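Asks: As a plain string of letters, each chain reads:
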Amino acid sequence: MIDTAIVIGIIRILFVCIIITAAYIISTRNLLSVVSVYALQSLTLVAIAISLFSLEGSIVLLEIALVTFFSKVIIIPYFIATIQEKIRIKRDIEFHYLNPTSSLLLSMVLMLVIYMALSKIVPETPAHNSLFLFGAVLGISLMLMGMMVTFSRKRAITKVLGFLSMENGVLLFGMFVTELPFIIEFLIIIDLIILVILTAVLSVGIDSTLEDYHKRLHQFHLLKDSEEN
Amino acid sequence: MILISFVLVSVVSLVLIAVTRNHRHMNTVCIMQALIFAALAVYLALTQHVPVFSFLVGSQYFFIDHFGLFEVLIATVIFTCAATYARGYVEGLLESGELEKGSLKLFYAAWTLLLLLIVFAFFSDNFALFWIFAELTTVISAMLIAILAARENIDAAFKYIFIASISMLFAFVGFIFLFEISRVSLGTGTLNWTVLMQYADRFPTGMLIASFVLVFIGFAAKSGIFPFHTWLPEAHAKAPSAVSAILSGVLLNVGIYGIIRMYAIVHQTIAFTTLAPMITVFGLLTVGISAISMLPQKNLKKLVAFSSVENMGIMLVGLAISTPVALFWVLFQIVAHSLTKASMFFSAGILHRQYRNRFSSDAPDDIRDIFRLQPFAAWIIILSGLAIIGMPPFPLFFSEFFIMLQLGAASLWVLGIMLLLLFIASVGLGYFVLTTFTQMSEPDTGSDIEPYLTPASMKVPIIFLIGLLLIIGIFLPSHGMEYLNQIVMELKF
Numbered sequence: 027m028i029d030t031a032i033v034i035g036i037i038r039i040l041f042v043c044i045i046i047t048a049a050y051i052i053s054t055r056n057l058l059s060v061v062s063v064y065a066l067q068s069l070t071l072v073a074i075a076i077s078l079f080s081l082e083g084s085i086v087l088l089e090i091a092l093v094t095f096f097s098k099v100i101i102i103p104y105f106i107a108t109i110q111e112k113i114r115i116k117r118d119i120e121f122h123y124l125n126p127t128s129s130l131l132l133s134m135v136l137m138l139v140i141y142m143a144l145s146k147i148v149p150e151t152p153a154h155n156s157l158f159l160f161g162a163v164l165g166i167s168l169m170l171m172g173m174m175v176t177f178s179r180k181r182a183i184t185k186v187l188g189f190l191s192m193e194n195g196v197l198l199f200g201m202f203v204t205e206l207p208f209i210i211e212f213l214i215i216i217d218l219i220i221l222v223i224l225t226a227v228l229s230v231g232i233d234s235t236l237e238d239y240h241k242r243l244h245q246f247h248l249l250k251d252s253e254e255n
Numbered sequence: 002m003i004l005i006s007f008v009l010v011s012v013v014s015l016v017l018i019a020v021t022r023n024h025r026h027m028n029t030v031c032i033m034q035a036l037i038f039a040a041l042a043v044y045l046a047l048t049q050h051v052p053v054f055s056f057l058v059g060s061q062y063f064f065i066d067h068f069g070l071f072e073v074l075i076a077t078v079i080f081t082c083a084a085t086y087a088r089g090y091v092e093g094l095l096e097s098g099e100l101e102k103g104s105l106k107l108f109y110a111a112w113t114l115l116l117l118l119i120v121f122a123f124f125s126d127n128f129a130l131f132w133i134f135a136e137l138t139t140v141i142s143a144m145l146i147a148i149l150a151a152r153e154n155i156d157a158a159f160k161y162i163f164i165a166s167i168s169m170l171f172a173f174v175g176f177i178f179l180f181e182i183s184r185v186s187l188g189t190g191t192l193n194w195t196v197l198m199q200y201a202d203r204f205p206t207g208m209l210i211a212s213f214v215l216v217f218i219g220f221a222a223k224s225g226i227f228p229f230h231t232w233l234p235e236a237h238a239k240a241p242s243a244v245s246a247i248l249s250g251v252l253l254n255v256g257i258y259g260i261i262r263m264y265a266i267v268h269q270t271i272a273f274t275t276l277a278p279m280i281t282v283f284g285l286l287t288v289g290i291s292a293i294s295m296l297p298q299k300n301l302k303k304l305v306a307f308s309s310v311e312n313m314g315i316m317l318v319g320l321a322i323s324t325p326v327a328l329f330w331v332l333f334q335i336v337a338h339s340l341t342k343a344s345m346f347f348s349a350g351i352l353h354r355q356y357r358n359r360f361s362s363d364a365p366d367d368i369r370d371i372f373r374l375q376p377f378a379a380w381i382i383i384l385s386g387l388a389i390i391g392m393p394p395f396p397l398f399f400s401e402f403f404i405m406l407q408l409g410a411a412s413l414w415v416l417g418i419m420l421l422l423l424f425i426a427s428v429g430l431g432y433f434v435l436t437t438f439t440q441m442s443e444p445d446t447g448s449d450i451e452p453y454l455t456p457a458s459m460k461v462p463i464i465f466l467i468g469l470l471l472i473i474g475i476f477l478p479s480h481g482m483e484y485l486n487q488i489v490m491e492l493k494f
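Heads up: the protein sequence lines correspond to chains W and U, in order. If you read the first sequence in this note's numbering, its first letter stands for residue 27, the second for the next number, and so on. If you read the second sequence in this note's numbering, its first letter stands for residue 2, the second for the next number, and so on.
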């Protein structure tokens, strides 16, 4: 087996990767790369799950890694990339309330606050190990950073990506705080897929003009031409 | 077996909707589905010993207890009425081109699925299952809002999805906390409500408070509680009226139901003494914000939507009092609010058909000559308006009166603020009715408007609902009261 210290070291490096991807999603104006960075973030999550598995040996983590890989590294990014091609928007330069710099500063503050808050609550649980505390803090931070993306972006498709990144945070938090049964993790992914499909289809409508919308719905075979009753 | 029969009925309905191309057939299928669901729920309530144990029910995933069944009964009644109403209403939408024929199948399929998901949500014993069903109801109902494919509808649907889903993720984190709490206290982690209820007194209060607050954020957004209510007026105002009735009468209950279930667990520990003031504050703010927003409101559907927000606030304050009597009347308020609000949205829909050209969902209503053109809808709005502000003999009078009595026993100051806010809300509603319903067009110009002939299918559900409200309000059926008592006992208040 691999040495525990090395695994812990790897997980710490992966934590840094997660922070970098989250910061990138918050600050970039290039829409196309957001999707690939999201896929990368999910892949990092898969790697964390596998490393945790080698540490704890719980089979659930392996299952989570597998499902995450297929759903969030392959299917969802592929689907969103297809939609992006349809709406032909490459850049998202409009921001509400927060511009990228202030969101980055805010997320740093948030991380500190969450760290202080969680380190007060968590000692009541067995997860007092510093690695697990960091995982939990990072999970919540990722979630709040995703939320900032959803609130500060105007394009629906970027909002969806913010939401997805939030959900990655929840998954991370769940992995480090407790051992959730696999079925729960699976349910949340089903929800995610349905939500992504619906919002993506709708964002075709919102991110383009209304006249185009109907044409495009026809392209997606969502509206069938049926003239008779 | 009972759960399977719910699924089977829905699958058959979906297949029938997929096969047919006729609007009336699809609609009939939906009415039948809701009726069969209602019959099943009534059968369960009357003949079976609740909590029911049968295949899958009573396992760790599903259960049927008094509270769940109560919510299902309300949901099926509202759905039956709304489906009947949709027969005439959707026909109108098709004629005016607001709804495309091609979207019809999607509309009714989503409708059928929504009812099934709601029933399953109320029958889930496991919080994670309840969470996923609640989340799916958000997605499906957002689809029903966006079905009109107008840009403002898609906007409203988006706002709804994002605010509700993001908050629901917080609720999920809350459930992770709860799972960890139970794992530490009981040895094995569980999200099973009955088990959690049984051992709730062992849970550490600090973690439980954190868990409750997170879960509260999620379900507060689902039920339109301040500060997460911002999606509600737009979504409810822009949805087709048949859908608005469901959103307001059934889907808001899903959120409140989640909060009550979670609060029942917290109530077993001393954590509730910390949380009750917090809930009271949120409840008061909700009532306050909605009351103030109602005053200048010129759009009928938005006004009715804000009144839903207000009622959710009242329920929250009632829950925070945490006495059995208060909880009893909160449950009573849930029924009364659902029935009243459905009838209000139905009549608002009739006005929407009448004045649709000048009646964009954003613009102020240009209602003129209402008593000449739509006397029926006008009188129903006045009647149900009286019902919603809590006038006797309508049932909301009793629930609000007794909740206020309980509140007065807890704190006179809060009672004073609450009464003032309720008064402002009533003034808002009354002012709207007085100003818009008395507008007359000039004698020589007004004659070009043809009265919209309301189909009987749109009138019957409204009359039924008002009749039901009067029966409940005047007779206060003792069986129903006994039933509500059992819910209070089950929730261990």
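Hints listed in this document are in silico derivations from the structure and should not be mistaken for laboratory results. Being a predicted model, the structure only gives us computed values, none of them experimental. Just to be clear, a hint being listed does not mean it is correct.
[Said to hold, decoys possible] Straight-line Cα separation of at most 30 Å, DSSO-like style, residue types lysine-lysine; simulated pairs: (1) W:Lys112 with W:Lys180; (2) W:Lys180 with U:Lys299; (3) W:Lys112 with U:Lys160; (4) U:Lys299 with U:Lys493.
Asks: Work down the list of hints and note, for each, if the structure agrees.
Replies: Comparing the hints with the structure gives:
1. W:Lys112 with W:Lys180: holds (18 Å)
2. W:Lys180 with U:Lys299: With Cα atoms ~28 Å apart, Lys180 of chain W and Lys299 of chain U stay inside 30 Å; holds.
3. W:Lys112 with U:Lys160: holds (22 Å)
4. U:Lys299 with U:Lys493: violated (44 Å)
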